[in-house]
Amino acid sequence: MESRPCFPPRKAGPVDEREKAMSWRQSAAVVAALAACTAAQAAELTYTLQSPLLGGGNAALYQVESARESQKKQFRAKAEADARQAADAAQQAINNSPTTRFANALQSQLFMSISIKLADKILTSRNAGSFTYGDLYVGYERVNGAIRVTINSPSGTTTLDLPD
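Using our numbering, the final residue of the sequence shown is 208, and nothing's skipped along the way.
Don't read these hints as lab results, they were simulated from the structure. You may find that some hints are simply not true.
[Claimed, not checked] Simulated pairs of lysine to aspartate or glutamate, EDC-like, Cα-Cα distance not exceeding 20 angstroms:
hint : residue 1 : residue 2
1    : K165      : D208
2    : K165      : E113
3    : K122      : D132
4    : K165      : E185
5    : K116      : D126
6    : K161      : D208
7    : K161      : E185
My request is simple: use the sequences and hints to build the entire structure.
This is the structure we're talking about:
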């Protein structure tokens, strides 16, 4: 492949003023074009951070969103506290009602009566025995002049040795 010059070959002989002016204009245009290309290629690349967490430009949006989240958390915590307080007040009202107090007193008296009868049976019995109430097991036996009572419950086992 044959290479051709970009500019027409120069004629031999004296150079007139018109050619000088044209040559000077062409040279100036080439220099300007090269300068523009160089400036475009050598432009400095800059990156601006967008995230306010990393020091980005617009921190106002981040601050507004952060304030909203904080308010949401405060409102949620207050709503949960109010709900707990209302539930506690309702439970306290139920526990303090005359019907509930009467039922608790009656239950307490019945348990006391049953426990007195069972204690009397354990202390007066000459044999071993046991009884179960729900998940509570009570066993008793006479051992060497003493009464051994074993109580098994979900929280553990208790053994009592009572003198006869």
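Against the structure, the hints:
no.: 1; hint: K165 / D208; result: 13 angstroms, holds
no.: 2; hint: K165 / E113; result: 67 angstroms, violated
no.: 3; hint: K122 / D132; result: 15 angstroms, holds
no.: 4; hint: K165 / E185; result: 12 angstroms, holds
no.: 5; hint: K116 / D126; result: 15 angstroms, holds
no.: 6; hint: K161 / D208; result: 18 angstroms, holds
no.: 7; hint: K161 / E185; result: 17 angstroms, holds
Checked against the numbered hints above, the structure violates only hint 2.
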